[in-house]
Amino acid sequence: MKQHAELKDFWEQRLHADWTESGVGYQRLGLAFNTWMYRVRGEVFRREGAALGLDLSSARVLDVGSGTGFYLRQWRALGAKSVTGSDLTEAAAQRLRARFPGTDILRLDIADPGDTLEPASFDAVSAMDMLFHITDDERYRSALRSVAHALRPGGTFVLSENFLHGKEQRGDHQVNHTLPWITGALADAGFDVVRRVPMLVLMNAQVDANPVWRKLWGGLLRAVTLTETTGEVAGGLLALAERRLVRVLPESPTTELMICRRR
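In this text, residue positions in the sequence shown follow this note's numbering: the first is 1, and each later residue adds one.
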């Protein structure tokens with residue numbers, strides 16, 4: 001397992017070189033395919049965000065690990081007026097300030113925020129596609145405690161994770177925890193789970209599927225995204241199926257969105 005300093009350097013260099021949906025997503029599949037993947041993610045996020053029951057015209061929102069600012073745009077599309085972005089890397093934070101003038105952008109390590117975040121100062125916090133990149137378990141738990149600290153009682157936490165039903169999977173830059181481990185860590189941090197829905201089904205690595213299917217589907221995805229042209233076509237076709245699947249399936253073998261409330 002990489003140490004935190006090594007992981008930070010990895011993301012600093014990666015986002016400096018590729019500040020696109022490819023850089024923050026499944027880079028091996030190319031920009032065109034990742035752009036389609038993020039379109040589906042955005043649709044699910046907006047659908048679920050609209051059902052939160054928040055008055056976003058007056059709510060304060062924090063997005064953790066903002067990357068290219070994709071979820072800052074989703075919160076804005078939902079009507080949020082006060083949105084704060086943040087990122088671990090200087091490469092992203094500087095560019096976010098230029099892309100979103102007038103928006104507060106914090107350079108923030110959510111696992112060790114110091115006094116950057118005022119207690120109970122936000123009505124909603126999102127941490128999308130980033131918690132599984134915290135490979136140290138205690139830092140992961142610390143990140144959840146920091147989110148709870150920043151949220152008002154009753155506030156909303158929106159996150160995306162892989163929520164494995166099978167065995168935990170550990171790599172240098174990503175750890176896929178089990179659903180019981182994650183829900184237990186959330187409970188310890190003071191959160192109650194409200195709901196969990198598929199965010200993607202076919203357009204991402206099948207981390208919670210049978211190993212044979214995972215390998216076969218992963219190989220197929222890489223084959224159909226060998227060029228940006230084929231990635232554009234494959235992404236558009238798969239997105240048609242994906243939009244249906246994320247609505248009708250109760251669970252997914254890949255990324256899912258979870259909504260929690262702070263007690």
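Keep in mind that the hints were calculated from the coordinates and are not lab data.
Watch out, some of these pointers could steer you wrong.
[Stated by the list, open to error] Simulated restraints, written as ranges between beta carbons of each label pair:
#, residue 1, residue 2, range
1, Gln94, His165, 47 to 53 Å
2, Glu90, Gln169, 26 to 32 Å
3, Val233, Arg145, 42 to 48 Å
4, Gly171, Ser121, 32 to 38 Å
Idealized CB from N, CA, C, for every residue including glycine.
Do the hints match the structure? See the list:
1. Gln94 / His165: 47 to 53 Å: The hinted range 47 to 53 Å is violated for Gln94 and His165, with Cβ atoms some 40 Å apart.
2. Glu90 / Gln169: 26 to 32 Å: About 30 Å separates the Cβ atoms of Glu90 and Gln169, which means 26 to 32 Å holds.
3. Val233 / Arg145: 42 to 48 Å: 44 Å, holds
4. Gly171 / Ser121: 32 to 38 Å: 34 Å, holds
Hint violations for this structure: number 1 only, all remaining hints satisfied.
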